[in-house]
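Undergrad: Turn these sequences into a full structure, and let the hints guide you.
Protein chains: 2
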Amino acid sequence: MRYDLYYWPNIQGRGEYVRLALEDAGADYVDVARGDGGTDAIIKMMEAAATPPFAPPFLKAGKLVIAQTANILQYLGPRLDLAPKSEAGRLWLHQLQLTIADFVVEIHDTHHPIGVSLYFEQQRVPARKRTAEFWKERVPKYLGYFEGLLAASKGAWITGRKLSYVDLSLFQIVEGLRYAFPNRMAAFEADIPELIALRDNVAARRNIAAYLQSDRRIPFTEEGIFRHYKVLDL
Amino acid sequence: MRYDLYYWPNIQGRGEYVRLALEDAGADYVDVARGDGGTDAIIKMMEAAATPPFAPPFLKAGKLVIAQTANILQYLGPRLDLAPKSEAGRLWLHQLQLTIADFVVEIHDTHHPIGVSLYFEQQRVPARKRTAEFWKERVPKYLGYFEGLLAASKGAWITGRKLSYVDLSLFQIVEGLRYAFPNRMAAFEADIPELIALRDNVAARRNIAAYLQSDRRIPFTEEGIFRHYKVLDL
Chain P
6 MRYDLYYWPN IQGRGEYVRL ALEDAGADYV DVARGDGGTD AIIKMMEAAA TPPFAPPFLK
66 AGKLVIAQTA NILQYLGPRL DLAPKSEAGR LWLHQLQLTI ADFVVEIHDT HHPIGVSLYF
126 EQQRVPARKR TAEFWKERVP KYLGYFEGLL AASKGAWITG RKLSYVDLSL FQIVEGLRYA
186 FPNRMAAFEA DIPELIALRD NVAARRNIAA YLQSDRRIPF TEEGIFRHYK VLDL
Chain B
6 MRYDLYYWPN IQGRGEYVRL ALEDAGADYV DVARGDGGTD AIIKMMEAAA TPPFAPPFLK
66 AGKLVIAQTA NILQYLGPRL DLAPKSEAGR LWLHQLQLTI ADFVVEIHDT HHPIGVSLYF
126 EQQRVPARKR TAEFWKERVP KYLGYFEGLL AASKGAWITG RKLSYVDLSL FQIVEGLRYA
186 FPNRMAAFEA DIPELIALRD NVAARRNIAA YLQSDRRIPF TEEGIFRHYK VLDL
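Taken in sequence, the protein lines are chains P and B. Mind the numbering: the first sequence is residues 6 to 239 in the numbering used here, read in order. Mind the numbering: the second sequence is residues 6 to 239 in the numbering used here, read in order.
One should not assume that every hint holds.
Copies of one chain are not kept apart here, so a pair can be met inside one copy or by any two copies together.
In the DSSO-like style, the derived pairs of lysine-lysine whose C-alpha atoms are separated by at most 27 Å in a straight line are [as the list claims (entries may be wrong)]:
#1 Lys134 <-> Lys235
#2 Lys235 <-> Lys146
#3 Lys167 <-> Lys146
#4 Lys146 <-> Lys65
#5 Lys90 <-> Lys159
#6 Lys65 <-> Lys90
#7 Lys49 <-> Lys146
#8 Lys90 <-> Lys167
Please keep in mind that the hints were generated in silico from the structure rather than gathered at the bench.
TA: Put into structure tokens, the structure is as follows:
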């Protein structure tokens with residue numbers, strides 16, 4: 006099946022977790038808003054869908070229009086051979102993806118603790134405080150959790166010997182934290198050797214390596230989730 | 006099947022969305038940490054589970070241990086007759102629940118914009134700013150979205166003539182906003198007549214009415230998601 010991905014064309018954002026899954030699987034997909042239709046295509050589909058999304062990303066798959074990043078991955082997982090077929094296996098994988106989604110909100114809020122409608126410059130002081138709390142309390146808790154699961158895994162991937170979409174998302178988390186907080190992350194990486202090894206294993210996959218070299222991979226910028234502001238790094 | 010719910014015994018919190026589903030369905034369940042085992046039972050299960058949760062709530066169903074509120078509801082939905090059986094119907098309902106989950110994070114962060122490890126009193130100034138943004142930008146966006154879906158629905162409930170777990174969660178959102186922000190919410194309710202009618206329809210359901218009168222319904226307090234601080238209301 007051909008999949009149509011609808012997401013903002015100029016940022017990685019939450020769409021990137023879906024892009025990584027589609028790319029690793031070599032799926033037949035179109036990143037709609039990066040084509041001629043642009044962002045107008047997103048707005049049109051949001052208004053026309055029988056199940057209107059609250060926000061991008063969303064995926065058109067045949068007649069279905071599916072939104073919420075983790076929900077899209079849950080749908081794609083078994084179809085792209087990136088998730089187990091059993092209900093128990095799928096629930097566990099989805100649970101992990103939802104935990105990553107919670108972390109992504111907290112990553113975003115380091116630079117926007119007061120509100121998305123305000124500029125970073127308008128919330129620089131609370132952003133510094135939130136970022137300090139984030140690195141003191143939240144990064145060790147979240148990454149420590151995934152590090153522990155990897156240490157207990159019987160294979161290189163989070164659920165064992167078979168790659169899943171959660172592994173691809175964890176790659177993106179490591180990449181993003183390295184981009185946004187190079188100094189803080191460099192000091193922290195010794196605590197998460199398993200996650201760093203996973204990041205390297207994902208980067209070395211043939212389809213992912215080709216994707217990262219291509220212009221389909223949008224660079225990190227200060228309009229995405231992971232933003233590099235020197236004042237928030239050490 | 007008997008379900009064991011693991012959640013903090015002294016707050017509604019995220020566990021309440023699961024409690025409402027179990028109660029409306031008249032399910033056979035135990036709210037484990039409210040019994041003799043207390044919170045120790047939560048910690049023990051988090052350490053012992055083959056699929057360890059990142060945080061409560063989680064549900065034990067036979068051999069499965071399932072975490073993340075929306076994931077638990079997705080599992081329970083078809084089993085408690087609170088979700089359609091088709092994949093398309095289940096994906097749509099789950100998508101809506103994930104949008105509610107996003108809103109719940111933003112509700113929580115009105116009183117904790119800097120960090121969960123700090124007291125409210127340590128973040129009172131940014132909390133006032135975040136709350137102002139929340140009511141100006143986010144409440145109209147989220148509640149306007151659900152109001153629109155209800156207005157377009159062919160029945161009293163969000164997906165039509167059949168109640169789902171999403172309707173029960175929307176009841177909790179209205180109740181919580183009324184508790185936390187009585188003045189702001191009173192001024193806003195004229196904009197969401199469909200959501201208020203849904204709230205009344207849920208409250209009138211036999212099992213829910215009995216639950217709300219029982220001591221199984223924990224009161225709102227300033228330790229939960231929805232907190233009433235006069236300084237954040239108008």
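Undergrad: Next, verify each hint and record whether it holds.
TA: Hint-by-hint comparison with the structure:
Taking the shortest Cα distances, Lys134 and Lys235 sit within 27 Å of each other both inside one copy (14 Å) and across copies (24 Å). Taking identical chains as interchangeable, the C-alpha atoms of Lys235 and Lys146 lie at most 27 Å apart only when both belong to the same chain, with a minimum of 24 Å there against 32 Å between chains. Only within a single protomer do Lys167 and Lys146 lie at most 27 Å apart by alpha-carbon distance; the minimum there is 25 Å, versus 40 Å between protomers. Taking the closest pair of Cα atoms, Lys146 and Lys65 come within 27 Å of each other only across two copies (23 Å); inside a single copy the shortest separation is 35 Å, beyond that limit.
For the homomeric pair Lys90 and Lys159, the shortest alpha-carbon distance inside one copy (19 Å) is at most 27 Å, but the shortest distance between copies (35 Å) is not. For the homomeric pair Lys65 and Lys90, the shortest alpha-carbon distances inside one copy (22 Å) and between copies (21 Å) are both at most 27 Å. For the identical chains of this complex, Lys49 and Lys146 are inter-copy neighbours only, at 18 Å across copies versus 40 Å inside a copy, given an alpha-carbon limit of 27 Å. For the identical chains of this complex, Lys90 and Lys167 are intra-copy neighbours only, at 12 Å inside a copy versus 29 Å across copies, given an alpha-carbon limit of 27 Å.
In this structure, none of the earlier numbered hints is contradicted; all agree with it.
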